[in-house]
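There are 2 protein chains.
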Amino acid sequence: MSDQLEYTLLYWPDIPGRGEFVRLCFEAAGVKYREVNDVAKLQKLLSNKDLVGLAAPHFAVPILRVSAGYDAESASKKVKSETGADIKDAHATHYISQTPAILFFLAPRLGLLGDVHQLSGLDRDVAVAQLHQLCATALDLNNEVHDSHHPISVSSYYEDQREEAQKRAADLRTNRIPKFLKLFETALSQDGAGLDQKKQGARRVWGSKTSVADLTLFQVVDGLQYALPKYMQRLKDQGEYENVFVLHSDIRAELKGYLESKRRLPYSNGVFRYYPELDDA
Amino acid sequence: MSDQLEYTLLYWPDIPGRGEFVRLCFEAAGVKYREVNDVAKLQKLLSNKDLVGLAAPHFAVPILRVSAGYDAESASKKVKSETGADIKDAHATHYISQTPAILFFLAPRLGLLGDVHQLSGLDRDVAVAQLHQLCATALDLNNEVHDSHHPISVSSYYEDQREEAQKRAADLRTNRIPKFLKLFETALSQDGAGLDQKKQGARRVWGSKTSVADLTLFQVVDGLQYALPKYMQRLKDQGEYENVFVLHSDIRAELKGYLESKRRLPYSNGVFRYYPELDDA
Numbered sequence: 318m319s320d321q322l323e324y325t326l327l328y329w330p331d332i333p334g335r336g337e338f339v340r341l342c343f344e345a346a347g348v349k350y351r352e353v354n355d356v357a358k359l360q361k362l363l364s365n366k367d368l369v370g371l372a373a374p375h376f377a378v379p380i381l382r383v384s385a386g387y388d389a390e391s392a393s394k395k396v397k398s399e400t401g402a403d404i405k406d407a408h409a410t411h412y413i414s415q416t417p418a419i420l421f422f423l424a425p426r427l428g429l430l431g432d433v434h435q436l437s438g439l440d441r442d443v444a445v446a447q448l449h450q451l452c453a454t455a456l457d458l459n460n461e462v463h464d465s466h467h468p469i470s471v472s473s474y475y476e477d478q479r480e481e482a483q484k485r486a487a488d489l490r491t492n493r494i495p496k497f498l499k500l501f502e503t504a505l506s507q508d509g510a511g512l513d514q515k516k517q518g519a520r521r522v523w524g525s526k527t528s529v530a531d532l533t534l535f536q537v538v539d540g541l542q543y544a545l546p547k548y549m550q551r552l553k554d555q556g557e558y559e560n561v562f563v564l565h566s567d568i569r570a571e572l573k574g575y576l577e578s579k580r581r582l583p584y585s586n587g588v589f590r591y592y593p594e595l596d597d598a
Numbered sequence: 318m319s320d321q322l323e324y325t326l327l328y329w330p331d332i333p334g335r336g337e338f339v340r341l342c343f344e345a346a347g348v349k350y351r352e353v354n355d356v357a358k359l360q361k362l363l364s365n366k367d368l369v370g371l372a373a374p375h376f377a378v379p380i381l382r383v384s385a386g387y388d389a390e391s392a393s394k395k396v397k398s399e400t401g402a403d404i405k406d407a408h409a410t411h412y413i414s415q416t417p418a419i420l421f422f423l424a425p426r427l428g429l430l431g432d433v434h435q436l437s438g439l440d441r442d443v444a445v446a447q448l449h450q451l452c453a454t455a456l457d458l459n460n461e462v463h464d465s466h467h468p469i470s471v472s473s474y475y476e477d478q479r480e481e482a483q484k485r486a487a488d489l490r491t492n493r494i495p496k497f498l499k500l501f502e503t504a505l506s507q508d509g510a511g512l513d514q515k516k517q518g519a520r521r522v523w524g525s526k527t528s529v530a531d532l533t534l535f536q537v538v539d540g541l542q543y544a545l546p547k548y549m550q551r552l553k554d555q556g557e558y559e560n561v562f563v564l565h566s567d568i569r570a571e572l573k574g575y576l577e578s579k580r581r582l583p584y585s586n587g588v589f590r591y592y593p594e595l596d597d598a
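These protein sequence lines map, in sequence, to chains A and B. In short: position in the first sequence from 1, add 317, done, that's our numbering. In short: position in the second sequence from 1, add 317, done, that's our numbering.
Check the hints yourself; a few may be wrong.
Remember, identical chains collapse to one label, so a pair may be satisfied in a single copy or spanning two.
Pairs of lysine-lysine residues, derived as BS3-like cross-links and limited to a Cα-Cα distance of at most 27 Å, are as follows [unchecked claim]: (1) Lys547 to Lys366; (2) Lys573 to Lys547; (3) Lys361 to Lys526; (4) Lys484 to Lys573; (5) Lys526 to Lys547; (6) Lys349 to Lys553; (7) Lys499 to Lys579; (8) Lys499 to Lys361; (9) Lys358 to Lys547; (10) Lys526 to Lys484; (11) Lys553 to Lys499; (12) Lys573 to Lys553; (13) Lys547 to Lys349; (14) Lys349 to Lys496; (15) Lys573 to Lys358; (16) Lys547 to Lys361; (17) Lys484 to Lys358; (18) Lys484 to Lys361; (19) Lys484 to Lys366; (20) Lys526 to Lys358; (21) Lys484 to Lys547; (22) Lys349 to Lys499; (23) Lys579 to Lys496.
It should be emphasised that the hints constitute simulated quantities derived from the structure, not laboratory data.
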């Protein structure tokens, strides 16, 4: 049944943003997905007039639509017009919001749990939780980067909070990013408890197979290199976070086909923005 | 095997903070847990000298320690001194960081997925993902509340960012909290797709049984009532978010024994703080 699922990523056009974490999962797994990037359609969906209850979208895209292989539109109409009896039909089209919830719904279905499949029972559940924790922390950093150019209000322009943004970005560079990168470096260390990693060959967060946590780390580091190029180059030259930068290039090589395609959108005005005044002087 | 697990919550003393989301799970499920609240011990653990790799703590507590029913200290020593061969022993004591990762490791083990157990396959996985998305959004609000008194830097004092905090708190009250509460209200609406809720009786996020999402919502609303008493009372009086406030009192009644015990710590200087100048005038 899970093989026949149709996946649709609902996300804004033109920016990679938080949709990119989901897109990378499909691209790395080589699993077919569709996209809906039409602003009017997305805004209608986000207005919460069609979907209520737990399925109601959470403010913002990305949203993942999952349907069981037939006309999703007619299935979702049934939800609106009927109750109770047709609950099974209603379930044929599902909507999941919140990036981490989407990632951990998809990861086991797309084979993106690294070498965790070698484990079972409690060991497996803990390993999944630890991949989850690493994604959560990488997404926290993603949010902190966003807040560095919008420290006062997400609904105001950057230009109206530029002064506060410079203070917050200084804190991001001095205190926050080094703290996160140090943690990622530790998570990627070869002595990691429970890790079965060879001295040579691909090094991933869990074993040698790319997981959702590797992809999430890659994207955050990649975005930071766009947003803070001088600063990130300085950190790379310092050599303190070698594993992190190696992982970044490894994943870049693994996803070369996708990253060089038109499907990979350029950074612009999303989470990762380039404001020279927020970078190293 | 999972019945014999020993759970230990590692969290700061004296404040409910993010540890409370985990504590509420054990208390609601009536499952025994221990706590480590000794600051020196926690700081040693957080220094990442003992644990590396994926198990390394993520900056901050809460951390959940799970052990399979024997001496956790000696098991974790084995991890340090040996590699590879003894990986099974090493796995006997596990550490999980990040509140959402802990919650979704615990929820299925503690029976905190509401009535989701009535579903199977894709339907079940989607329902779990939707509970996850609701927890993620409630925890986002929790973070925004924290950032409202620390909009510039988490490592500086409130007093040094009071001016910015007043701007940010105004935005929180005017734009952010109503947006979140409206969403929670929608998630709790009786017409929710996939929800099988009776017109009468207990109303929970998923069916009639309390889930991790109900507990997380409860705690955020409860904390907000402490931090912004005038503001929250005004919203309650307006009657716009009735389901949210009903859920809050229902859970308060359900957890009465715990909430009136000494184990429930008073709010003070954590995420939820009472600064009169950040509340309604």
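To see whether the hints hold, each was checked on the structure:
Proximity of Lys547 to Lys366 under the C-alpha cut-off of 27 Å is found in neither arrangement, the shortest distances being 45 Å within a copy and 31 Å between copies. Taking the closest pair of Cα atoms, Lys573 and Lys547 come within 27 Å of each other only inside a single copy of the chain (24 Å); across copies the shortest separation is 55 Å, beyond that limit. For the identical chains of this complex, Lys361 and Lys526 are neighbours neither inside a copy (39 Å) nor across copies (32 Å), given an alpha-carbon limit of 27 Å. In this assembly of identical chains, Lys484 and Lys573 lie within 27 Å of each other by CA distance neither inside one copy nor across copies; the values are 36 Å within and 44 Å between.
Proximity of Lys526 and Lys547 under a CA criterion of 27 Å is satisfied in neither setting, with 31 Å inside one chain copy and 53 Å between copies. Proximity of Lys349 to Lys553 under the C-alpha cut-off of 27 Å is found in neither arrangement, the shortest distances being 35 Å within a copy and 46 Å between copies. In this assembly of identical chains, the alpha carbons of Lys499 and Lys579 never lie at most 27 Å apart, being 33 Å within a copy and 38 Å across copies at closest. In this assembly of identical chains, the alpha carbons of Lys499 and Lys361 lie at most 27 Å apart only when taken from different copies (17 Å versus 42 Å within one copy).
With identical chains, the CA atoms of Lys358 and Lys547 are never at most 27 Å apart, being 39 Å at best within one copy and 38 Å at best between copies. Taking CA atoms no more than 27 Å apart as the test, Lys526 paired with Lys484 passes in neither setting, with 40 Å inside one copy and 46 Å between copies. When the C-alpha separation of Lys553 and Lys499 is checked against a cutoff of 27 Å, the pair qualifies only within one copy, where the shortest distance is 12 Å, while the shortest distance between copies is 44 Å. Taking the shortest Cα distances, Lys573 and Lys553 sit within 27 Å of each other inside one copy (21 Å), while across copies they are farther apart (53 Å).
In this assembly of identical chains, the alpha carbons of Lys547 and Lys349 never lie at most 27 Å apart, being 37 Å within a copy and 51 Å across copies at closest. In the homo-oligomer, the alpha carbons of Lys349 and Lys496 never lie at most 27 Å apart, since the shortest distance is 36 Å inside one protomer and 34 Å across protomers. In the homo-oligomer, the alpha carbons of Lys573 and Lys358 never lie at most 27 Å apart, since the shortest distance is 31 Å inside one protomer and 45 Å across protomers. For the identical chains of this complex, Lys547 and Lys361 are neighbours neither inside a copy (40 Å) nor across copies (34 Å), given an alpha-carbon limit of 27 Å.
When the C-alpha separation of Lys484 and Lys358 is checked against a cutoff of 27 Å, the pair qualifies neither within a copy, at 38 Å, nor between copies, at 33 Å. In this homomeric assembly, Lys484 and Lys361 never come within 27 Å of each other (Cα to Cα): the closest approach is 37 Å inside a single copy and 31 Å across copies. With identical chains, the CA atoms of Lys484 and Lys366 are never at most 27 Å apart, being 40 Å at best within one copy and 32 Å at best between copies. For a Cα distance limit of 27 Å, the shortest separation of Lys526 from Lys358 qualifies neither inside one copy, at 37 Å, nor across copies, at 35 Å.
Taking CA atoms no more than 27 Å apart as the test, Lys484 paired with Lys547 passes inside one copy only; the shortest distance there is 18 Å, against 31 Å between copies. Proximity of Lys349 and Lys499 under a CA criterion of 27 Å is satisfied in neither setting, with 35 Å inside one chain copy and 35 Å between copies. When the C-alpha separation of Lys579 and Lys496 is checked against a cutoff of 27 Å, the pair qualifies neither within a copy, at 34 Å, nor between copies, at 35 Å.
Going down the numbered hints, you'll see the structure goes against 1, 3, 4, 5, 6, 7, 9, 10, 13, 14, 15, 16, 17, 18, 19, 20, 22 and 23, while the others check out.
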